[in-house]
Amino acid sequence: MNNNVKEKVFILFAIGIYFILTSCKWEQDYKRAAFVSMQPDTDLFLAPYPFNIFDREARDAITLSHYSKEEIKNILAEHELSWDQLNSDWNLETEDEHFSKEVNYTSHYTQYAYDTEIPIWIYGPKWFENGVYSDEIFQQHIPSIYAKILNYQFINQIPLDALNKIFKHTDEKPEIIVTIVVDQGGRQLYKAHNGAYPFLESLSSNSTYFKKGKVIHLESHTAVGHMAIGTGSFPKDAKIFSNEIYTYVDGKVNHRPVYQGMNQNFDLSELQSASFSDEWDLSQNNLPVIISQCYANRAAVGMAGHGKEYKQIESSKQTNTPDADYVYWQDAKKLAWSTHSNAFQLPVASQKYNLYSFYLANKSTINTHFEAKNPIELLSKIHHFQASEFQVKMDGALFRDTIEETILKQNKHTDGITDLAYLTLKATDAVGHLYGWETQEAKQVLKATDEEIKTIFEFLQKHYGDKFVLLVTADHGAAPMPEISNGLFLTHETFFAKVNELLPETERNKVSLVNWVTHSQLSLNQNLMKQYNITEDMIIDKILSIRVKDRKFFRKIWKRNEIPNVSF
Numbered sequence: 022m023n024n025n026v027k028e029k030v031f032i033l034f035a036i037g038i039y040f041i042l043t044s045c046k047w048e049q050d051y052k053r054a055a056f057v058s059m060q061p062d063t064d065l066f067l068a069p070y071p072f073n074i075f076d077r078e079a080r081d082a083i084t085l086s087h088y089s090k091e092e093i094k095n096i097l098a099e100h101e102l103s104w105d106q107l108n109s110d111w112n113l114e115t116e117d118e119h120f121s122k123e124v125n126y127t128s129h130y131t132q133y134a135y136d137t138e139i140p141i142w143i144y145g146p147k148w149f150e151n152g153v154y155s156d157e158i159f160q161q162h163i164p165s166i167y168a169k170i171l172n173y174q175f176i177n178q179i180p181l182d183a184l185n186k187i188f189k190h191t192d193e194k195p196e197i198i199v200t201i202v203v204d205q206g207g208r209q210l211y212k213a214h215n216g217a218y219p220f221l222e223s224l225s226s227n228s229t230y231f232k233k234g235k236v237i238h239l240e241s242h243t244a245v246g247h248m249a250i251g252t253g254s255f256p257k258d259a260k261i262f263s264n265e266i267y268t269y270v271d272g273k274v275n276h277r278p279v280y281q282g283m284n285q286n287f288d289l290s291e292l293q294s295a296s297f298s299d300e301w302d303l304s305q306n307n308l309p310v311i312i313s314q315c316y317a318n319r320a321a322v323g324m325a326g327h328g329k330e331y332k333q334i335e336s337s338k339q340t341n342t343p344d345a346d347y348v349y350w351q352d353a354k355k356l357a358w359s360t361h362s363n364a365f366q367l368p369v370a371s372q373k374y375n376l377y378s379f380y381l382a383n384k385s386t387i388n389t390h391f392e393a394k395n396p397i398e399l400l401s402k403i404h405h406f407q408a409s410e411f412q413v414k415m416d417g418a419l420f421r422d423t424i425e426e427t428i429l430k431q432n433k434h435t436d437g438i439t440d441l442a443y444l445t446l447k448a449t450d451a452v453g454h455l456y457g458w459e460t461q462e463a464k465q466v467l468k469a470t471d472e473e474i475k476t477i478f479e480f481l482q483k484h485y486g487d488k489f490v491l492l493v494t495a496d497h498g499a500a501p502m503p504e505i506s507n508g509l510f511l512t513h514e515t516f517f518a519k520v521n522e523l524l525p526e527t528e529r530n531k532v533s534l535v536n537w538v539t540h541s542q543l544s545l546n547q548n549l550m551k552q553y554n555i556t557e558d559m560i561i562d563k564i565l566s567i568r569v570k571d572r573k574f575f576r577k578i579w580k581r582n583e584i585p586n587v588s589f
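So the numbering used here is basically just the index in the sequence shown, starting at one, shifted up by 21.
These aren't lab readings, by the way, just hints derived from the structure by calculation. Just to be clear, a hint being listed does not mean it is correct.
[As the list claims (entries may be wrong)] With a Cα cut of at most 30 Å, we get these calculated BS3-like pairs of lysine-lysine: (1) Lys212 x Lys468; (2) Lys551 x Lys577; (3) Lys189 x Lys147; (4) Lys414 x Lys90.
[Unchecked claim] Here are the computed distance ranges between Cβ atoms for each label pair: (5) Lys189 x Ser103: 46 to 52 Å; (6) Phe120 x Asn151: 38 to 44 Å; (7) Ser155 x Asn586: 22 to 28 Å; (8) Phe120 x Phe391: 38 to 44 Å; (9) Leu565 x Leu308: 24 to 30 Å; (10) Lys94 x Gly486: 44 to 50 Å; (11) Ser290 x Glu118: 49 to 55 Å; (12) Thr386 x His119: 19 to 25 Å; (13) Asn586 x Glu99: 31 to 37 Å.
All C-beta atoms in this analysis are idealised placements derived from N, C-alpha and C, irrespective of residue type, glycine included.
Starting from the given sequences, assemble the full structure and let the hints guide the process.
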């Protein structure tokens, strides 16, 4: 065999090994995520094919979304999808640069890159080395990064050895650490709308910038991502592992949102890990101001923790009584801001931010896609409000007012005690679900979000000089709209019905072989399985046989004992 032939054989062998390894990477990602997320009674882990969405019944109403042909072509190419196929499916006039399409719904929960790749910017020149980093970093690293610059031993601290290069050596502590989460602001959103985020783009070269952060857990959901950012814990420990849990009772699928107790009362005990705020506040005798704001309570709580209801672990030496932090969210039914007063408090500034009043005061300056003639009409269009610039601007203004009220006017910004302030700008998530992150509507909201982050940055510079840290990241990304990706949609109603086909027909509307299911984890009714001689393998085969539009929906299902132990 001559040298040329040997070289070609080697190249072909190397290519073959590469494709074997890369084809397995998605399985490695899923298994790692499964290990750090499994619950005590989890039996199976579900992985759909890429772009498929396993979720609640899609909305009855559809949304008219608007697209740029150039941007949509780039998105399709990124995901190895075909413009020609989309053009044919949608009957587009290809010479038009802009076009519209009625769409329904997209979501996020998988371990595929569109759901899990997130950027992380950390600004704080006194504490961090500027640079673009490709190191592996998770949301769970964030509290440990804060603990390191504060020289504080956090209970959920994880090793930062690989990240030591980003830290400067100083004993000085920031007066405030501000964390901003751009909800659904994964890398897919920024790649889709290049040029729509000039401030964050400039921050990439003026900060510690991790271009490929990773959502390492199941599921890529709001509650779980914010819990990870706030506590540094993994779902297997914190017990926050999905936005909601689905069960089947008397022929009906029920879903219980996170932090909703058995009696539908707000229940913080579901979060079983301490947040960084919980621990830091107590260690400093409740002197730090803690702020956590998002229009969704599952995000605000996940970042802040337990407030006054925090129960210290036995090993803690602190004996202080926790206080009520400023943790708040929207009560959509009242078009106002609310909190859980047993644990938290509302800033006085929130009283100025009635949603309808804010809409009236700003509608002449905001170009939006909806109108509301009265509060009742706005209530009926609340998701469109939350998916608009109105929500972005309200979030930013209230957040700054709260810092001014609780910190600046109290002269706490110069007391040498580091305050913690968390803000989720969630309109990017709402517009992504409603219209799709690929759309011009999403681009408009991204622009407004970038401008609001810039305004907050300038506000911090004005009042804190160089004595603040600002971290910007995301809780997750999202799948392309199924109408674009040709992804399939499977409802939990259909899922339960298909699995329960293994039962006698007379029993199917009474009981279920599934105790509970989220979007990626499932617990089985072992007693019922024994009663009817149904094995785990039979259930796996049944799930794998589920087809939508004559295509298989699930790609792989793992048993609990097939998930390897993972160490970091």
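Each hint, compared with the structure:
1. Lys212 x Lys468: The hint holds at about 13 Å.
2. Lys551 x Lys577: OK: Lys551 and Lys577 at ~24 Å, within 30 Å.
3. Lys189 x Lys147: holds, 7 Å
4. Lys414 x Lys90: holds, 29 Å
5. Lys189 x Ser103: 46 to 52 Å: Holds, at about 48 Å.
6. Phe120 x Asn151: 38 to 44 Å: Taking Cβ atoms as reference, Phe120 and Asn151 lie about 41 Å apart, which means the hint holds.
7. Ser155 x Asn586: 22 to 28 Å: Taking Cβ atoms as reference, Ser155 and Asn586 lie about 27 Å apart, which means the hint holds.
8. Phe120 x Phe391: 38 to 44 Å: 21 Å Cβ-Cβ, so the 38 to 44 Å window is violated.
9. Leu565 x Leu308: 24 to 30 Å: violated, 56 Å
10. Lys94 x Gly486: 44 to 50 Å: holds, 45 Å
11. Ser290 x Glu118: 49 to 55 Å: Cβ of Ser290 to Cβ of Glu118: about 53 Å, so the range 49 to 55 Å holds.
12. Thr386 x His119: 19 to 25 Å: 24 Å Cβ-Cβ, so the 19 to 25 Å window holds.
13. Asn586 x Glu99: 31 to 37 Å: With Cβ atoms ~34 Å apart, the hint holds.
Checked against the numbered hints given earlier, this structure breaks hints 8, 9; the rest are met.
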